[in-house]
Amino acid sequence: MMRATTEQDVLSSVIENVTQGLSYFDKDLNLVTCNRRYLELLGFPAWMGTPGTPMSAFFRHNAERGEYGSGEIDDLVQERVELARRAEAHSFERTRPDGTVLRIRGIPVAGGGFVTTYDDITELRSSQKALERTNETLDDLIWERTAKLQARETELSSKTTALETILEAVNYGITLFDDDLILVAANRQAYEMMHIPEERRKVGTSFESFIRLLAERGEYGAGDVEEQVRSRIELAHKFEPHRFVREQKNGSIYEVTGRPVEGGFVTTYVDVTEQKRFEALLQANNAELSAKTAALEAVLAALDHGIALFGKDLRLVAANSQALDLMKVPHEMNEPGRHFSDFLRFQAGIGEFGPGDIEEIVAERTASAERPEPFFDIRHRTDGTIVEVSRRPIDIGFLATYRDVTEQKRFEALLQANNEELAAKTSAMETILQTVDYGISLFDKNLKLVAANPQSFELMGIPESYNYPGCHLSDFLRHQAKNGEFGPGDIEEIVKERTAAAWLREAYCAVRERSDGRVIEVVRRMIDDGFVTTYRDVTEQKRVEALLRSTNEELEKRVDERTSELNVQLRETERAEAEMRAAKSRAEQADRAKSDFLARMSHEIRTPLNGVIGLTRILGDTELSDRQTEIVAKVMASSNALLNIVNDVLDFAKIEAGRLEIEEIPFTLGEILDSARSIAASRAEEKGLRFEIDAGGLETRRYFGDPHRIGQILTNYCSNAVKFTETGFVRIAVEETPAGGARSSLHLTVTDSGIGMTEAEISRVFQPFNQADASTTRQYGGTGLGLAICRELAERMKGRVWVESVHGKGSAFHVELPLESAPATGDTGIASLDQDWRAACKGLNVLLVEDNAINREIATVLLEGAGMNVVQAEHGKQAVDIMLSDAPPKIDIVLMDLQMPEMDGHEATRHILADPRYSNLKVIALTAHAVAKEIEKSRSVGMCDHIIKPFEPDNLFRRLALSCR
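All residue numbers for the sequence shown refer to the UniProt record's numbering, where the first residue is 1 and numbers rise by one.
Treat the hints as calculated values from the structure; they're not laboratory data.
Be aware that a few hints might be false.
The calculated DSBU-like cross-link candidates involving lysine-lysine, where the alpha carbons are at most 30 Å apart (straight line), are [claimed, not checked]: (1) Lys922 x Lys890; (2) Lys687 x Lys877; (3) Lys877 x Lys809.
Distance ranges between label pairs, derived from CB positions [as the list claims (entries may be wrong)]: (4) Ala500 x Lys933: 21 to 31 Å; (5) Thr273 x Val405: 24 to 34 Å; (6) Ala501 x Gly808: 53 to 63 Å; (7) Glu574 x Leu547: 15 to 25 Å; (8) Gly49 x Ile396: 42 to 52 Å; (9) Ser390 x Glu364: 14 to 24 Å.
Even glycine gets a Cβ: it sits at the ideal position worked out from N, Cα and C.
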C-alpha cells in the first residue's frame with residue numbers, strides 16, 4: 001500500500017510533480033505553498049518557497065533582476081502589490097530577460113487569496129519533451145516530497161482545500177491509481193477528457209471499470225471488449241513508463257503519459273488536438289513550398305533568358321544556366337555566396353567591357369550595383385552578339401536579367417529601313433492622288449474617313465473642312481442631303497438609309513446629277529478593312545450618251561422595219577436551238593455513262609492492282625537475291641505509278657463534271673501530316689533522302705475542313721518532291737496566321753533540293769496534262785494531272801497554290817487555305833508524328849470480310865505480320881453468320897469489302913450492328929470503290945472509316961489504331 005494514506009499527501013505528491021509552476025498566496029499576500037517548478041520557472045532561490053514569504057519579496061527579487069524593465073525598484077514592487085490586492089482573475093504572458101516566455105494565470109479562491117499557475121511556453125512545439133523530462137524524475141520527487149510531507153502531516157492538513165483547487169486549475173488531466181488498480185485521485189479535466197459520467201467520478205473506482213467503459217464505447221477500435229479489458233489490465237499489473245497519442249471518436253487527440261510511482265502509477269492526459277492540427281498544416285505547407293520551389297527552378301531552367309538574384313551584400317543567391325551563358329562566365333561560378341565583383345572581374349578579363357584597367361572597371365560597376373536604383377544597358381559583345389542587361393532593385397537585393405537581343409536589333413534595323421521605304425512610297429502616293437483628275441476617298445470598316453484627295457470634295461460638293469481622318473460618312477451624306485443632292489425627302493431618313501446601305505459592304509456604282517447640272521459617277525469598291533469610293537465627272541460623257549440614244553431611236557425604227565424580215569430567220573434559229581438541246585441531252589447521258597464507266601473501271605482496276613501491290617510487298621519481305629529485290633522494287637514502283645494515274649484520272653473527271661465534293665468536318669492537323677509521312681517517308685528513305693516535318697507545334701490543332709483533300713494536296717507535293725530529288729532532303733513546314741475570330745490561314749510548304757524549274761516551266765506547272773518538258777515525262781513518268789488537281793482542290797476550298805523554284809537547286813510548293821478552328825475535344829486522338837502504328841495494332845482481333853481470295857490472303861499476311869489475330873469470311877453472309885452465332889469469336893474491329901456475292905458489305909454491316917452486342921463495334925470499309933457516293937453510303941450504314949484499295953500498310957495500321965481508341 002502507499003505510504004501517503006491521507007488525501008493531503010496524495011494531492012501534495014501530485015502537485016509537486018506536475019509540469020506547471022503553482023503558487024498559492026493567502027488574502028494577506030503571504031505564500032501558503034508552492035511547488036518546486038514555480039521556483040524553477042521564475043528563478044527564485046529555494047528559501048523563498050518557505051510558507052509565509054510575502055509576495056512583495058518575490059516582486060522585489062524580480063525587480064532587482066530587471067524582470068520588470070527599468071524604473072525605481074520600490075515603485076515597481078508597489079505597483080504589482082496593488083494589482084495583486086485586487087484579487088482578480090487574470091491571464092497573461094511574460095517574456096523574461098533570458099528569453100523564457102511564461103503563460104501566467106491567476107484564479108481567486110474562496111475565503112481570499114488566489115492560486116497562480118505558470119506554464120513555460122517557450123518551446124510550445126517541444127512541450128512533449130519538457131513533459132518527458134518532468135516525468136523522468138517523477139518517482140524520486142514523489143517519494144522525496146512524501147517523506148517530508150509525512151513529517152509535516154498536521155501542518156499540511158489545513159492546505160487540503162488549496163491543493164484541490166490547484167489540481168483543478170491545471171489545464172490537463174491527471175489520474176493516480178494504486179498497486180491494486182484502484183483510483184486514488186483524479187481531477188475534473190481527466191474525467192472530461194475521458195468522458196466519464198458524473199456517477200463514476202469518484203475515488204475508489206477500479207481501473208477495470210474505466211477500461212471497460214472506454215472499450216464498450218469503441219475508444220480502442222473494433223474487437224472483443226473482454227479481450228481489450230483483459231489485455232490492458234494485464235499491462236497495468238506489469239506497469240512500465242509509456243507515452244502515446246490517442247485519437248478519440250469525436251476527433252480530439254490526447255497525449256497520454258504514464259509513470260510508475262511508489263505504490264501505483266500516475267497518468268497525465270494533455271489535449272494536443274490543436275498542436276497536431278498545426279503540425280499537419282506545417283507539413284502540408286512545407287510540401288507545397290517544396291513543390292513551388294521545384295516548379296520555380298524548372299521555370300528558371302526553361303526560360304530563354306538569364307536571371308540572377310543577388311543579395312544586398314552583392315552576393316549571389318541563385319542564377320539559371322542561361323544567365324551564366326549570357327554573362328560568358330563558367331558554370332562553376334554558379335555558387336551561392338559568390339560576390340558580384342567576381343563575375344565582373346571575369347567578364348572584364350575576357351574583354352566584355354572593352355579596354356581599360358580591369359580593377360577600375362570592376363570597382364566602377366560594383367559601385368553602380370550598390371546603388372538601389374534600376375539599371376539598363378545594351379551590351380555589344382566581342383563575338384558580335386547583343387545582350388540586354390537590366391537590374392531591378394528588390395527588398396532583398398536586386399534581380400538581374402540577361403536577354404540575347406541580337407535578332408531583335410537586326411529586325412528593328414530592318415523595320416526602320418522598311419518604315420523609311422514606306423514613308424517614301426506614301427509620299428509618292430499622296431503626290432499622285434493630288435494630281436489625278438478624279439476624286440478618291442478611303443473609308444474604314446466603321447465608315448470613318450481614312451484619306452481623300454481634294455478632287456473628291458470638289459466633285460461631291462462638300463467643303464474641305466470635312467477632309468480630316470475620322471470624319472464619319474453620315475456627315476458627308478447629311479451635307480449633300482441638305483444641298484438637295486439626293487432629291488426631296490426627310491434629311492435624316494435619307495442619311496439613315498444611305499448609311500445602312502454602306503454597312504452592307506456591297507460594291508456600288510451610280511450616276512448622280514448634281515443640283516448645278518453636273519453629272520458625277522460614284523463607284524464604291526470593297527476592301528478588307530473598309531471601302532474605296534471614286535468620283536468622276538461624266539457630264540460630257542452623258543451628253544454624248546444622250547446623243548447616242550437619239551441616234552439609237554432612229555435606228556430602232558429602222559430595226560422594226562427589218563424585224564418582220566427576221567421572223568422567218570428566228571423560226572429557223574429556234575429549230576436549231578431544239579436540235580442543240582437534244583445534242584446537249586445526249587452529251588449529258590454520255591457524261592453520266594463516262595462517270596459510271598470510270599467508277600466501274602476504277603473498281604475493276606483497283607481490285608487486281610491491290611493483288612499485284614500486296615503480293616509484291618509480301619514477296620519483298622521474303623529472302624530474295626539482289627536482282628530479285630530490284631525487280632520487286634520496279635514492280636512496286638510501276639504499280640504505284642498506275643494507281644496514281646487511276647486516282648488522278650478519277651479526280652480530274654470529277655472536276656470536269658463539276659461533281660468534286662468538299663467536306664467540312666473537324667480534323668486534327670497531325671492526321672494529315674502523319675498520312676503524308678506514312679506514304680512519302682519510306683520512298684524518300686529508299687532514295688537516301690532526309691524526310692523532315694516542322695509542324696510548328698500545331699500537330700494537335702483542330703480545324704473544320706476536308707482532311708482528305710488537304711492530305712491529297714500535301715501527299716501529291718511530297719510524292720513529286722521525292723520523285724524529282726536525287727540527293728538532299730524533302731521538308732514539310734507548317735505556319736498559321738490568325739485571320740480574325742476563329743478563322744486562320746494555314747500555310748503548308750513542301751521544299752526539296754531536287755532538279756528545280758525554269759521560269760517557263762513554273763508558268764505552266766499547274767496546268768493539266770503538263771510537265772516541265774517531254775524529257776521529264778520520259779524520265780519520271782506521270783500524267784501531268786496531279787498539280788492541276790491540287791490547284792482545283794485549293795481553289796474549291798477558297799485557298800491558293802503557288803511554287804517558288806530555282807533551276808538545278810530545288811523547289812518549294814505552297815498551299816494556303818482559310819480554315820475555321822474546331823473546338824478541342826480534350827483528347828486530340830492523334831499521337832506524335834513518329835507513332836509506331838504497327839506496334840499499336842498488336843493483339844487486335846480482326847474479322848476480315850473479302851470475296852477475292854488473293855486480296856484476302858494479302859490482308860491476312862499484313863495483319864498477322866503486325867501481331868493481329870485474323871478471322872476470315874468470304875462474303876457478307878458468312879460474316880453475319882460468324883458474328884451472330886451463339887458463341888462468336890472475340891472481334892475488336894471488322895474490315896469489310898463492299899461488292900461481294902450473296903450479301904454485300906453494306907447489308908452485312910447493317911445486320912451485325914443491329915445486334916445489341918455490337919453497338920460499339922468498329923467497322924471499316926476496305927474496298928476498291930473510290931467515288932464519293934460509295935463513301936457516303938458506307939457511313940450511312942454505320943461504318944467508321946473507308947479505306948480504298950490498294951492501300952499502304954502504314955496507312956492501314958494507322959486507321960486501325962485510331963478507330964480502336
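> Is it true that the C-beta distance of Ala500 to Lys933 lies inside 21 to 31 Å, as the hint says?
Replying inline: violated (45 Å)
> Does the structure keep Lys877 and Lys809 at a Cα separation of 30 Å or less?
Replying inline: violated (58 Å)
> Are Lys922 and Lys890 close enough, with their CA atoms no more than 30 Å apart?
Replying inline: holds (13 Å)
>> Quick check on a hinted range of 24 to 34 Å for Thr273 and Val405, using CB atoms only.
In response: violated (58 Å)
> Falls inside 15 to 25 Å, the C-beta gap from Glu574 to Leu547?
Replying inline: violated (36 Å)
>> Quick check: does the Cβ-Cβ distance between Ser390 and Glu364 fall within 14 to 24 Å?
In response: holds (18 Å)
> Does the Cβ-Cβ separation between Gly49 and Ile396 fall within 42 to 52 Å?
Replying inline: For Gly49 and Ile396 the Cβ distance comes to about 51 Å; the hint holds.
> Taken at face value, is the distance from the CA of Lys877 to the CA of Lys687 at most 30 Å?
Replying inline: It is violated: about 45 Å lies between the C-alpha atoms, which goes past 30 Å.
>> A range of 53 to 63 Å was offered for this pair. Does it hold for the Cβ distance of Ala501 and Gly808?
In response: holds (56 Å)
The structure shown violates the earlier hints numbered 2, 3, 4, 5, 7.
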